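S.K.: Chain by chain, the residues run as shown.
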Amino acid sequence: MTVAIPIWQQRVSPVLDTAARLLVVTCRDGREASRREVGLSPAAPEEFARRIVELGVDMLLCAALSLELRHALEHVGVRLRPHLCGDTEAILTALCHNQLDQPEFRMPGCRKNHRGTKVCHRRSAHVLKANFNKTTSSSKP
Amino acid sequence: MTPENFQNQLLDSVPDGVFTVDADWRVTFFNQAAERITGIRRNEALGRRCCEVFRASICESACALKQTLTTRRQVSNKVVYIVNAQGERIPISISTAPLKDARGRVVGGVESFRDLRLVNELRQQAEQQDSFSDIIGRSAAMRQLFDLMPLVAESDSTVLIEGPSGTGKELFARALHQLSRRQQQPFVAINCGALPDTLLESELFGYKAGAFTDARKDKPGRFALAEGGTILLDEIGDISPAMQTRLLRVLQERVYEPLGSVVPVRCDVRVIAATNRSLTSLVRAGKFREDLYYRVHVVRLELPPLRSRREDLPPLVEHFVTRFNRLKGRDIAGLSDAALARLMEYDFPGNVRELENIIEHAFVLCRGGLIEPLHLPPQLRGESGGLPSHLPGGMTLAVMEKLLIQDALKRHQGNRAAAARELGMDPSTLFRKIKSLKLAKPTPEISL
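Here the protein sequences line up with chains A and B, keeping their order. For the first sequence, my numbering gives the first residue as 1396, with consecutive numbering after it. For the second sequence, my numbering gives the first residue as 2, with consecutive numbering after it.
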């Protein structure tokens, strides 16, 4: 499973639409197998989404993003976990430990989950965790 | 009520969003308008990093607050966008200033921001009212032309467009084509003045293989390319008598022969002729055939020079600023009052084309915010060193100052703040000078 986080000053970039760098982490057997940083240039939402797909990203963790970009990413099947803030390493660790719902990672004004329904971070995190484990176990050789 | 509460209430009453940050970029104040524009509640915003609350397009790359705290200088009217809590991109204009303590030490920054959605909406509405098929104008002369255009376009008559260079003759011709029943067919423009006779003839009517050396295969002319549509014969006043004769035949009989052919070709093309010269004068001087003149002068549109319709300057400036912002990926907010005043005083010998070049020039020099007089080309910066043409020589400094202040007040209909901005002085200084010079507030002109 490959997870990506837009990164700025070792933290999640505040706005995905204008992020300049992306941290791409691949996990195998529940462990980090590789990581790299790639540059992002300003692009239309469709172009941005295409680039994310080209990078092989399964799940994108980010802070704020525009509706246009969200729709473009969802259209190409990238799983999104928006409205996160904080240190990227802490977020990756929290993802592995199903702790992304902690208030310290929640952006101000985040009253809806990534599907646009009312608050249900616990549930969405469980789903993400389940997906994460499922993907990592299915990618075992 | 404590002074702090009073300040908070005061800032809550303003329509612009305002927030402050401390030296660690944590939000320390967040007013009601900021809550409304960002969709984030005050209690959620306070204490959080400003980029997580504000989510602006420039947070990462060109934070205005950071610029202010580094340089100790204010940033004004920078146009950016934020992503609000609902994920909507909100265009805003931001201004920043450093916050200082009692000892004058910088302890943080303040940022105010204005929601431009309503402004943009109003601007679009105004643009729609001030334009016609991409032609901008709100003056009476332009409105008259706009009223005529649909009627002229509907008819299939030949049209003569007269107007100085840069007034948009081709734009009008294109608009006529777009409004006509021929809109789905081609629009072809040719500058008759730019080509020598022989070349113009082959360009207009085409040629057959073998018509001359190197004519290896047939080439269709502009009339053939415009078949069913519209042809614009620009600079028609510059064509030779021989070409005038050939054109006359096309306009009279709607037939022509390509070079090297003896078979007449019938054409169904609407002809629009344009010139920056007065065809009437050319006819009088014997340089333009009278019969051709009457053939092209079926319907005549005269485009006024920009200097005679100065009220069109603000919408035109706005149009070009928006266009260059889009083309160059910039965020210039517009022109300052002082810069606009310089444009209003200028004669624009090159008309709208020159105005476009002036704005493009300003885009090169202006890095953000408003275009100021110093960003304008030298002829508009007033660097000639001499007296302005309307000021007589031999005056004392005090008289000259009085005249300049009177002039600025008149131009801004007595608005002292705007006049002060243009004169580059503080409004209170201007107020003192008005008082000491015993200047009366200009009264609006009333016509009976």
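Hints listed in this document are in silico derivations from the structure and should not be mistaken for laboratory results. Being a predicted model, the structure only gives us computed values, none of them experimental. Yeah, the Cβ is synthetic: ideal placement off N, Cα and C, and Gly gets one too. There may be inaccurate statements among the hints.
What follows is a set of in silico ranges between Cβ atoms, one per label pair, in the way DEER data are often shown [what the hints assert, rightly or not]: (1) A:D1496 <-> B:F432: 57 to 63 Å; (2) B:M401 <-> A:L1462: 21 to 27 Å; (3) A:A1485 <-> B:Q414: 45 to 51 Å; (4) A:V1433 <-> B:D219: 51 to 57 Å.
If you want the footprint, here are the derived chain B segments under chain A, 3+ residues with CB under 8 Å [what the hints assert, rightly or not]: (5) 262-276; (6) 406-415.
S.K.: For every hint, state whether the structure bears it out.
M.R.: Structure-based check of each hint:
no., hint, in the structure
1, A:D1496 <-> B:F432: 57 to 63 Å, "holds, 59 Å"
2, B:M401 <-> A:L1462: 21 to 27 Å, "violated, 58 Å"
3, A:A1485 <-> B:Q414: 45 to 51 Å, "violated, 59 Å"
4, A:V1433 <-> B:D219: 51 to 57 Å, "holds, 55 Å"
5, 262-276, "violated (count 0)"
6, 406-415, "violated (count 0)"
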